[in-house]
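J.: So the sequences go chain by chain: A and B.
Heads up, the final residue of the first sequence is numbered 506 in numbering that gives the first Met the number 0, and it's a clean run with no missing numbers.
Heads up, the final residue of the second sequence is numbered 343 in numbering that gives the first Met the number 0, and it's a clean run with no missing numbers.
In short, the hints are calculated from the structure, not lab data.
Even glycine gets a Cβ: it sits at the ideal position worked out from N, Cα and C.
Honestly, I wouldn't trust all of these hints.
[To be verified] Far from chain A, some chain B residues (derived; all Cβ distances over 12 angstroms):
id: 1; residue: Thr11
id: 2; residue: Lys22
id: 3; residue: Ala151
id: 4; residue: Arg158
id: 5; residue: Arg241
id: 6; residue: Pro270
id: 7; residue: Ala289
id: 8; residue: Pro295
[Stated by the list, open to error] Selected chain A positions facing chain B (in silico; Cβ < 7 angstroms):
id: 9; residue: Leu14
id: 10; residue: Pro22
id: 11; residue: Ala54
id: 12; residue: Ala78
id: 13; residue: Pro82
id: 14; residue: Ser83
id: 15; residue: Thr172
id: 16; residue: Leu175
id: 17; residue: Ala179
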Amino acid sequence: MTDAELPSNPLMEGLETERRAPPCILVVFGASGDLTSRKLMPALARLADNRQLPAAFAVVGVARTELSDDDFRQRMLQAVEKPSAAWENLVSGFRYVAGDYGNPETFQQLKRVLDEVDQERGTGGNRVYYLATIPSVFAEVADALANAGLNRPKDEASFVRIVVEKPYGRDLTSALELDAGMHQAFSESQIYRIDHYLGKETVQNVLALRFANAIYEPIWNRRYVDSVQITVAESLGVGHRGGFYETAGALRDIVQNHVLQVLALTVMEPPATIDAKGIRDEKVKALRAVDLLSTDEVATEVVRAQYDAGWVEGEPVVGYREEEGVDPNSQTETYVAMRLRVDNWRWAGVPFYIRTGKRLPKRYTEVAMRFHDVPHLPFGPKEARGLGPNALVLRIQPDEGITLRFGAKVPGQAFRVRSVSMDFSYGAAFLEETPEAYERLLLDAMIGDPTLFIRTDEVEQAWRIVDPILTAFAEGTPPLARYQAGAWGPREADLLLERDGRTWRTP
Amino acid sequence: MADAVTAGAPFTVLGSWRGESVKMGDVLDAMEGLRRGEQRTATRTSVLSLVIVASDAADARRAAEAVRGLGGRHPARCVLVVTEDSGSEAEPRLCDAEVELVSAQVDGRIVWWEEVTLTVTGAIAQHLDSLIEPLTLPDLPVVVWCAGVMPAPSDPLLRSADTVLVDSKQVGDVDAFPAIVELSRRHTVVDLSWARLEPWRELLAGLFEGRHFRPFVAGVHHVSVAGKEGPRHLLAGWLASRLKLSRNVFHLEDARHVSLLLRASGPGGEPNAEFAVERREGERIVRAWASVEGGPSHRDVLPLPDDSLPWSLADALTHLVYDRTYQQALGGALTFVVPPAPDK
């Protein structure tokens, strides 16, 4: 009996597990690595606890490290802080394949294990490969899977997908090369490029806020919006990732993916349908409308900086150049601020100020829209002393929610107006615990919903925006500024806004 | 399943007010006064008004504890009405009230809500709708839970309800089924007993999800359902309605904990298979297993919360919509209820 001939399961009707993975095997490459233990396994454990994994499900880990099935199971069990009975039960069926990705025998052994698991668990030949490896082996693994005949579904009813972690290339050229390599083994519809930011509930809520409410969209344009600030702040330094960070920098690590994805969701036109094609088509159009900066413009519109020693969250911290694995003369930026233009009918003339950095005062991500002042203020300066411009702030992390700032009369005999904030917190309004980003995205990949994954043309458009800036950085433009750890960035970033008569928000 | 809300977060009473023989205007003023005097209640996000009606102090206490056991994840105005006597027109009409502002920290956020307890005597008990209407939050769904008593479909209190919560186990088990069917004709009814059975249903349904086991779902020829009166009937009704099985393949028996056993044969002469979900004595987990004769097998487990009432209440409040599967299960359950023998 093929999958297509299987009867439906009437017992599932009415149960709240409507988003439930189909029978499949999750094959994790880089299974002994940090990402697998820190993110993937806790996400899987939550899916197991929430009954979103089917009985016919298994994990096969692949990595160079020599481990037995039992060793791997033990590690994965320990990867979850308080393992539930459901997680223990699931892990007891995990398998492991040790081997070099360059050795074809590794993939022959993987094939044998996958066939065994299919027989034991009834997973029907369905596979989701997860590349939790270093980026340099993405194409190699994809190629080896193809050579072993593991890249195509065995029949029309089954599926084979591959999830690729960021970074997807180092620049436009390398991203296109990687894409070409991946496409030799997998079709575009099989490739799920992950950006965990899109898995965050509040990033998705940008879509809900904009397109499920009649009151926001009419003012979501140049006529009402004065400027937009997008902040992605991290209080952490590079930790043990100094070696990696030296090759990346804030522009590649955060702006090319997370920031531009948030920007795209903020500026995109309403899609006809909230499905993968509808949303991704509009995001690509939005990214295409972002003006490319010339080298001269990078000098004036972009600030890059690196942190020195300072204090963050009550702790003394070393400067970037003193971090483990970092060149003492490093020119890698840990902070980027820039002014972008989105040249289309909706946003022409509205500056988009973007900043991201490490060792900033706190971990915080927001999109803040500042609205124009009223055309005429019928109060004197004294009465309106405490009144600022209206602002709508979408808080993405850590305290997910929405803040609307508007003017209100101060109680009393005098007519004084000042700004007040109306605050909405997602966590206080919804009963359900929101899924973690990896939990959501893993389930989407298993279900086959690519909406929150990055399509190849999105990657290309994002690199198109970032590439000229990278080129300028390589030429030393603009000069690397410095900021003290624990500050909101260098003075140069403040000047970027001050010359427009604006200031950065203090989150 | 609402497993995320089972752990009740510690709560704090921020302020309280008490009055005797009050009017609802007094209660509203008291709520406003408490909020104004407490900085921690500067922001409020509510999702519903929850009205609980209890006919005695024990039911009221149990319901109130369940609400707090939600752990503050339910930003709702909660109105608990205790009707202390028969509520005859002849008795003096009295309404005593207590208002508390309660807060809890959930995932690092302070959430606060209002709890109003009204103790009514006399004829007011027949006109609870007039007490409740002023206290419900505008524009938000009103959920009425009659704790320990089965409300009549024509009860005026239900006019303001978007959803009626019942607990069939509390209000008479199988004896209450016909009344729930009747109530469902006019209101959206959510049964806490049904919510409590979700782990069993999920596990059993999940056993048929693998390709090895799915073919057997169409070949079930024997069903054993053990459990207390009520839950075992609901599960039997669910299986009968979903799998379109006749009553004669069922075997129901009384037991302390729920267990299910299905025997099935595969199509085309495939071997027999067994599917079971059970909770063993002394355990707070539900176990499930599937086994094909001479073929593959699978095991699964699901932990149960320590206290099922807050958990089932949370689950019920998450799904305040008409549940066709429940209604069909209820209809099926009625066919398993043997009518009592006539008195000789």
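J.: Each hint: holds or not?
T.: We went through each hint and held it up to the structure:
| no. | hint | verdict |
| --- | --- | --- |
| 1 | Thr11 | holds (16 angstroms) |
| 2 | Lys22 | holds (27 angstroms) |
| 3 | Ala151 | holds (27 angstroms) |
| 4 | Arg158 | holds (26 angstroms) |
| 5 | Arg241 | violated (4 angstroms) |
| 6 | Pro270 | holds (14 angstroms) |
| 7 | Ala289 | violated (7 angstroms) |
| 8 | Pro295 | violated (6 angstroms) |
| 9 | Leu14 | holds (6 angstroms) |
| 10 | Pro22 | holds (5 angstroms) |
| 11 | Ala54 | holds (5 angstroms) |
| 12 | Ala78 | violated (19 angstroms) |
| 13 | Pro82 | violated (11 angstroms) |
| 14 | Ser83 | holds (6 angstroms) |
| 15 | Thr172 | violated (43 angstroms) |
| 16 | Leu175 | violated (39 angstroms) |
| 17 | Ala179 | violated (35 angstroms) |
When held up to the earlier numbered hints, the structure conflicts with 5, 7, 8, 12, 13, 15, 16 and 17 and fits the remainder.
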